[in-house]
Amino acid sequence: MTRIAAVGDIHLGVDDVGLCRRSLSPVVEEADLLLLAGDLTRIGTTEEAAVVAKEVGGLGVPTVAVLGNHDHHSNHAPEVTEILVEAGIQVLEGAGTVVDANGGSVGVAGVKGFGGGFIGKCATAFGEAETKAFIRTTERAADSLREALLDLDTDVRVALTHYSPVSDTLRGEPKEIYPFLGSWLLAKAIDEGGADVAFHGHAHYGSERGTTAGGVRVRNVARPVIDAPYKVYDLSLLPTRAPEAAYVV
Amino acid sequence: MADHSRRYDVAALKEALAQDPRTAELGIGVRIDGNELFLEGAVTTEHHRLLIEAVCQETVPGVRIHDDIVIDDDTAASRRERLS
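As you go down the protein sequences, you meet chains E and F in turn. Numbering-wise (our numbering), the first sequence opens with residue 1 and increments by one. Numbering-wise (our numbering), the second sequence opens with residue 1 and increments by one.
Be aware that one or more of the hints could be misleading.
Stated by the list, open to error - To be clear about the criterion: a stretch of chain F counts as covered by chain E if any three or more of its residues have a C-beta under 8 Å from a C-beta of chain E, and this derived list gives those stretches:
1) 21-27
2) 38-48
3) 76-82
Read the hints as simulated data drawn from the structure, not as lab findings. Backbone N, C-alpha and C define an ideal beta-carbon position, used for all residues, glycine too.
Turn these sequences into a full structure, and let the hints steer you where they fit.
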């Protein structure tokens with residue numbers, strides 16, 4: 001059994017020192033790794049990143065994160081990443097990592113992701129350069145997620161994003177903003193990359209559970225959704241799903 | 001003030017709550033009915049909830065605020081789910 005703790009959208013500001021350290025501390029007894037699904041800060045300053053490092057670093061479990069849109073707001077994502085990494089938090093952006101967990105290996109592929117919407121109700125890379133740039137950004141994120149998943153040779157493959165790969169977990173959010181909350185392209189990458197489970201944040205008023213078209217379980221672990229400091233998912237160490245045939249070469 | 005202008009007040013307030021670095025909130029529900037401003041959502045601290053109220057007063061002066069924003073319960077125990 002692999003125990004994966006996850007939470008997103010903790011949104012720590014400079015005044016939030018001491019806010020969540022105590023509530024996160026039991027994770028060392030309850031889980032084999034901790035996933036952070038982005039929006040760790042309010043506006044992405046280095047000062048806020050230092051608070052995150054202090055609150056979340058050194059909890060005693062491998063901790064793997066992606067950044068969220070808030071973490072990019074001040075245009076200091078590289079510096080934010082560096083501060084988190086120095087605190088022992090792995091930060092993934094189109095990359096993967098392997099964690100030894102309870103006798104098995106867990107591979108985590110992570111990317112922030114981006115928006116665009118969901119099948120039948122989504123933007124297309126057509127027309128103005130700005131529209132094309134928007135969708136190309138999502139396409140690049142999805143491609144990097146797929147590649148990172150395919151590179152993992154582990155007992156369990158986990159996809160970690162900030163933006164949602166499915167609309168299931170957005171129920172509760174206004175439908176008008178779904179295109180700003182995620183993209184079906186991420187779900188396609190998750191299916192094609194052979195993920196066993198996917199975690200995301202971003203949708204504070206969404207729902208916890210969903211699945212991709214390929215049947216991969218998706219969990220929205222945004223802090224307001226799980227209504228707890230983190231949630232622990234017990235995963236049986238089943239053989240990793242084979243990537244979809246079209247992507248086996 | 002005519003009702004239709006209140007819709008622009010809602011838009012201005014949503015923008016202010018997102019852009020003001022004191023709040024940086026994209027998800028707070030805002031409704032203005034006449035002179036009554038209704039807020040809903042969830043934030044991490046009481047201090048942050050009060051900052052949201054301050055930004056509201058600065059952006060739409062004179063309204064009466066009905067604040068239904070809840071504070072995340074940081075004393076809650078973690079939760080579990082089995083996936084197999």
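So, going through the hints one by one against the coordinates:
no. : hint  : in the structure
1   : 21-27 : holds (count 3)
2   : 38-48 : holds (count 6)
3   : 76-82 : holds (count 7)
Of the numbered hints listed earlier, not one is contradicted by the structure.
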